[in-house]
Amino acid sequence: MKIGNLVFNEETKGNILDLYGKTTDEEGFIVEKENQKQRVLTPKGEEIHINEWAGIVRGSEAFIKSDAFSLMELAKKIDEDP
Amino acid sequence: MKILENLKKAFESSFGDVFTNNTFKLFDFSKTINNFIEKDGEKLLINLDKANPEEKQNFKKVLDDSIQNDNEGFLTTKNVIKTKQIKRNLPRQKDEELLNFYKDKISEDIYRAFELSLIVRNAFNSGEDISELKRDIYLKFPKFGNNVCNLTTSDYFDYYFSELHKIMSEENNFDIEKYKKEVDRIARELPYMVFINRYKSLEEFEGEVKFKLSKLRKYGTDKLKLHAIGRDNVEKAFRISENYKYDSEITLENEVNLNKTIATIIFKF
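Those protein sequences? They're chains A and B, same order as listed.
The first sequence: position 64 = 64 (the numbering used here), numbered continuously.
The second sequence: position 98 = 98 (the numbering used here), numbered continuously.
Check before you lean on any hint, since a few could be wrong.
Footprint (simulated), chain A over chain B, 3 or more residues, beta carbon under 8 Å [said to hold, decoys possible]:
#: 1; stretch: 72 to 78
#: 2; stretch: 159 to 173
#: 3; stretch: 258 to 266
20 Å max Cα-Cα, derived PhoX-like pairs, lysine-lysine [claimed, not checked]:
#: 4; chain 1: B; residue 1: K61; chain 2: A; residue 2: K33
#: 5; chain 1: A; residue 1: K65; chain 2: B; residue 2: K87
#: 6; chain 1: A; residue 1: K2; chain 2: B; residue 2: K61
#: 7; chain 1: A; residue 1: K76; chain 2: B; residue 2: K84
#: 8; chain 1: A; residue 1: K2; chain 2: B; residue 2: K43
#: 9; chain 1: B; residue 1: K78; chain 2: A; residue 2: K13
#: 10; chain 1: A; residue 1: K2; chain 2: B; residue 2: K2
Simulated restraints, written as ranges between beta carbons of each label pair [as the list claims (entries may be wrong)]:
#: 11; chain 1: B; residue 1: E177; chain 2: A; residue 2: K2; range: 53 to 59 Å
#: 12; chain 1: B; residue 1: L99; chain 2: A; residue 2: N9; range: 33 to 39 Å
#: 13; chain 1: A; residue 1: T23; chain 2: B; residue 2: E208; range: 53 to 59 Å
#: 14; chain 1: A; residue 1: Q36; chain 2: B; residue 2: N52; range: 30 to 36 Å
#: 15; chain 1: B; residue 1: N69; chain 2: A; residue 2: E46; range: 24 to 30 Å
#: 16; chain 1: B; residue 1: D222; chain 2: A; residue 2: T23; range: 47 to 53 Å
#: 17; chain 1: B; residue 1: L252; chain 2: A; residue 2: E27; range: 47 to 53 Å
#: 18; chain 1: A; residue 1: N35; chain 2: B; residue 2: K43; range: 32 to 38 Å
#: 19; chain 1: B; residue 1: S107; chain 2: A; residue 2: E27; range: 28 to 34 Å
#: 20; chain 1: A; residue 1: P43; chain 2: B; residue 2: N52; range: 28 to 34 Å
#: 21; chain 1: A; residue 1: E46; chain 2: B; residue 2: E177; range: 27 to 33 Å
#: 22; chain 1: A; residue 1: N35; chain 2: B; residue 2: S107; range: 33 to 39 Å
#: 23; chain 1: B; residue 1: E206; chain 2: A; residue 2: E46; range: 46 to 52 Å
Hints are computed from structural coordinates only; laboratory data are not their basis.
Ideal Cβ placement from N, Cα and C applies to all residues, glycine included.
Please put together the full structure from these sequences, using the hints given.
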């Protein structure tokens, strides 16, 4: 896995969510646009608040959280620099 | 980069001048540009607000291809920085040996806190800001996260806990669950603990216990625990507790193994 080539900022989160057919509910959790009662889950089954959303990685639209434990699992998969 | 080739194929007819003779290192989503795609040096900036529905769908296909087939992570700038910090400081060599040692010897939650704490330790030793990593450990494990982090950076997992395992495992009725419980207890009760070791004198520990007792009383806590492993340290702990034998405000409780190589002395007040 590589990171750093595709990036987005906090203010464009809404645009990216929209691109992927998602939005946020009244509590700020990411939900499916077509069914706003359905919260998007991480690969580990956790709900994601928009403020805790780090991005998307390979998988079935794998949305990941920004806490250090989630990013640690991601970091382990990053290719070593050539 | 493959994504650049795919973007060119998808959008060269509309934005050919952007792609002409350009290589791009970074693809950044931005709201600050006036067109759907613009270049800024070695960066390609994308403003989805300026894209029509067809452009958005085409772009999503290119993005998905990059994420799924090229295994590119699509993260916020802030989280790229945080992930790279974690990557730089991942456990290696000696840390990996420690992780292997503790893998089945401590609870899963303490193990996870310990693993990230090793990263915190490495980052700290490199002079990096560790506040966010520490905060994340605390938020995930509020009852013991901070304590495990402190125990890790103070090398307790390098020496103390492995020594504790060695001593406990030599006992006849040893069960790994007992060890797990003991580590768990220490991790949760660290603020009430003083660890007796050979690096400080009896007098220094007596002073430390006196100081900690007054602090704990002030903050409304009702106990302090002395924890000692090894015969000499256990003896030291008992000698300290002797000072409080006749203190009417303190009740002492001793937990000591048969060989007198592990002791916890509880001061209740």
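Taking the hints in turn, this is what the structure says about them:
With 7 residues having a Cβ less than 8 Å from any Cβ of chain A, the stretch 72 to 78 of chain B passes the three-residue criterion, so the hint holds. Residues of the stretch 159 to 173 of chain B with a Cβ under 8 Å from some Cβ of chain A number 0, which does not satisfy the need for three, so the listed coverage is violated. Beta-carbon proximity to chain A at under 8 Å applies to 0 residues in the stretch 258 to 266 of chain B; the threshold of 3 is not reached and the given coverage is violated. Restraint check for B:K61 and A:K33: satisfied, since their Cα atoms lie roughly 19 Å apart, inside the 20 Å limit.
Of the pairs offered as hints, the one joining A:K65 and B:K87 holds, with about 16 Å between alpha carbons and a cut-off of 20 Å not exceeded. Taking the CA atoms of A:K2 and B:K61, the gap is about 19 Å. The hint holds against a cut of 20 Å. Distance check on the hinted pair: A:K76 and B:K84 sit about 10 Å apart at the alpha-carbon level, within 20 Å; holds. A hinted pair counts as satisfied when its Cα atoms are at most 20 Å apart, and A:K2 with B:K43 qualifies at roughly 17 Å.
Straight-line distance between C-alpha atoms of B:K78 and A:K13 comes to about 13 Å, which keeps the hinted pair within the 20 Å bound. This hinted pair checks out: A:K2 and B:K2 have alpha carbons roughly 13 Å apart, not beyond 20 Å. For the hinted restraint 53 to 59 Å between B:E177 and A:K2, the CB-CB distance of approximately 42 Å leaves it violated. Between B:L99 and A:N9, the C-beta spacing of about 35 Å keeps the proposed range 33 to 39 Å intact.
A hinted range of 53 to 59 Å for the beta carbons of A:T23 and B:E208 is consistent with their spacing of about 56 Å. Distance hint check: the CB atoms of A:Q36 and B:N52 are about 25 Å apart, inconsistent with the given range 30 to 36 Å. A hinted range of 24 to 30 Å holds for the C-beta pair B:N69 and A:E46, which are about 26 Å apart. In this structure, B:D222 and A:T23 meet the distance hint of 47 to 53 Å, their C-beta atoms being roughly 50 Å apart.
With their beta carbons about 50 Å apart, B:L252 and A:E27 fall inside the hinted range of 47 to 53 Å. One distance hint, 32 to 38 Å for the beta-carbon pair A:N35 and B:K43, holds here, with the actual separation near 36 Å. In this structure the hint that B:S107 and A:E27 lie 28 to 34 Å apart at CB holds, the actual value being about 31 Å. Hint check: A:P43 to B:N52, Cβ distance near 33 Å, so the stated range 28 to 34 Å holds.
A hinted range of 27 to 33 Å holds for the C-beta pair A:E46 and B:E177, which are about 28 Å apart. Judged by the Cβ atoms, the range 33 to 39 Å given for A:N35 and B:S107 holds: they are separated by roughly 37 Å. At about 48 Å, the CB distance of B:E206 to A:E46 agrees with the hint of 46 to 52 Å.
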